[in-house]
Amino acid sequence: DTGVSQDPRHKITKRGQNVTFRCDPISEHNRLYWYRQTLGQGPEFLTYFQNEAQLEKSRLLSDRFSAERPKGSFSTLEIQRTEQGDSAMYLCASSLEGRRLGYTFGSGTRLTVV
Amino acid sequence: RKEVEQDPGPFNVPEGATVAFNCTYSNSASQSFFWYRQDCRKEPKLLMSVYSSGNEDGRFTAQLNRASQYISLLIRDSKLSDSATYLCVVTLNTGNQFYFGTGTSLTVIP
Numbered sequence: 346d347t348g349v350s351q352d353p354r355h356k357i358t359k360r361g362q363n364v365t366f367r368c369d370p371i372s373e374h375n376r377l378y379w380y381r382q383t384l385g386q387g388p389e390f391l392t393y394f395q396n397e398a399q400l401e402k403s404r405l406l407s408d409r410f411s412a413e414r415p416k417g418s419f420s421t422l423e424i425q426r427t428e429q430g431d432s433a434m435y436l437c438a439s440s441l442e443g444r445r446l447g448y449t450f451g452s453g454t455r456l457t458v459v
Numbered sequence: 003r004k005e006v007e008q009d010p011g012p013f014n015v016p017e018g019a020t021v022a023f024n025c026t027y028s029n030s031a032s033q034s035f036f037w038y039r040q041d042c043r044k045e046p047k048l049l050m051s052v053y054s055s056g057n058e059d060g061r062f063t064a065q066l067n068r069a070s071q072y073i074s075l076l077i078r079d080s081k082l083s084d085s086a087t088y089l090c091v092v093t094l095n096t097g098n099q100f101y102f103g104t105g106t107s108l109t110v111i112p
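Chains as they are written, first to last, in the numbering used here: chain E, 346 to 459; chain G, 3 to 112.
Be aware that one or more of the hints could be misleading.
As the list claims (entries may be wrong) - Computed beta-carbon distance windows for the label pairs:
1) E:E397 x G:G11: 36 to 42 Å
2) E:L441 x G:R68: 22 to 28 Å
3) G:Q71 x E:K402: 24 to 30 Å
4) E:Q425 x G:T20: 48 to 54 Å
5) E:N363 x G:E17: 45 to 51 Å
6) E:T365 x G:C42: 23 to 29 Å
Said to hold, decoys possible - With a Cα cut of at most 27 Å, we get these calculated DSSO-like pairs of lysine-lysine:
7) E:K359 x G:K81
8) E:K402 x G:K81
9) E:K359 x E:K416
10) G:K44 x G:K81
11) E:K416 x E:K402
12) E:K416 x E:K356
13) G:K47 x G:K4
14) G:K44 x E:K356
15) E:K402 x G:K4
16) E:K402 x G:K47
17) G:K81 x G:K47
18) G:K44 x G:K4
19) E:K356 x G:K81
In case anyone wonders, no lab produced these hints; they're calculated from the structure. Even glycine gets a Cβ: it sits at the ideal position worked out from N, Cα and C.
Required output: the full structure, derived from the provided sequences and hints.
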């Protein structure tokens with residue numbers, strides 16, 4: 346197992362375009378999280394899944410954002426009609442339910458909207 | 003009010019110095035506490051959990067004060083490789099969202 350994997354590492358897109366990011370968690374982890382981090386700030390929670398169920402969504406997750414985890418393994422985060430304010434690092438993390446340990450983060454996808 | 007507040011620094015200290023970071027949290031129902039380390043343009047990585055009795059890992063000591071709702075991280079004998087941003091993290095329930103502070107920037111100077 347190589348940890349949490351995110352793809353792509355970098356994405357530059359024009360305003361108004363749709364983008365999709367993928368996250369592959371650590372294989373035995375049933376919880377998966379998406380966070381967003383902008384410069385000078387700590388990561389901010391977007392949403393989390395337990396297996397395939399999306400159990401919590403932040404108010405930050407506007408209707409332009411959607412996340413899925415169809416088979417309880419990998420997850421995708423889609424942003425529709427991107428805006429310049431969406432430029433950020435999008436971090437995925439995974440954990441095992443019931444373990445009082447911190448997350449393991451992926452390397453992130455850095456999105457730049459021009 | 004933010005869930006977690008940290009002094010953003012920057013802290014610039016000479017090698018070998020001892021440096022301490024504090025972090026306060028607003029929700030008394032917070033249950034789990036962590037310190038993460040983040041290098042420039044990298045993902046955050048777990049440095050250590052913080053336990054009520056306090057805990058130590060080599061040169062790093064973490065303390066939790068539930069009455070005053072703050073967490074601290076002490077780094078002794080600073081190394082150049084300790085230069086990073088240190089993020090304070092609290093959770094309300096095990097496994098749910100983590101609340102991150104804005105991070106405290108540390109630069110260790112030769």
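Here is how each hint holds up against the structure:
1. E:E397 x G:G11: 36 to 42 Å: holds (41 Å)
2. E:L441 x G:R68: 22 to 28 Å: Distance hint for L441 (chain E), R68 (chain G) holds at roughly 26 Å.
3. G:Q71 x E:K402: 24 to 30 Å: holds (27 Å)
4. E:Q425 x G:T20: 48 to 54 Å: At roughly 50 Å between Cβ atoms, T20 (chain G) and Q425 (chain E) fall inside 48 to 54 Å, so the hint holds.
5. E:N363 x G:E17: 45 to 51 Å: holds (48 Å)
6. E:T365 x G:C42: 23 to 29 Å: Given range 23 to 29 Å: holds, Cβ gap about 27 Å.
7. E:K359 x G:K81: With Cα atoms ~42 Å apart, K359 (chain E) and K81 (chain G) exceed 27 Å; violated.
8. E:K402 x G:K81: Cα-Cα ~40 Å, so violated.
9. E:K359 x E:K416: Given that 27 Å is the threshold and the Cα spacing comes to 31 Å, the pair is violated.
10. G:K44 x G:K81: holds (19 Å)
11. E:K416 x E:K402: Distance of about 19 Å is within 27 Å: holds.
12. E:K416 x E:K356: At roughly 25 Å apart (the allowed maximum being 27 Å), K356 (chain E) and K416 (chain E) satisfy the hint.
13. G:K47 x G:K4: Satisfied, since the Cα-Cα distance of roughly 22 Å is no more than 27 Å.
14. G:K44 x E:K356: At roughly 16 Å apart (the allowed maximum being 27 Å), K356 (chain E) and K44 (chain G) satisfy the hint.
15. E:K402 x G:K4: holds (18 Å)
16. E:K402 x G:K47: With Cα atoms ~23 Å apart, K402 (chain E) and K47 (chain G) stay inside 27 Å; holds.
17. G:K81 x G:K47: Since the Cα atoms of K81 (chain G) and K47 (chain G) sit roughly 18 Å apart, the hinted pair holds (cutoff 27 Å).
18. G:K44 x G:K4: Given pair K44 (chain G), K4 (chain G) holds - Cα atoms ~24 Å apart, limit 27 Å.
19. E:K356 x G:K81: violated (34 Å)
Against the hints set out earlier in the document, violations occur for numbers 7, 8, 9 and 19.
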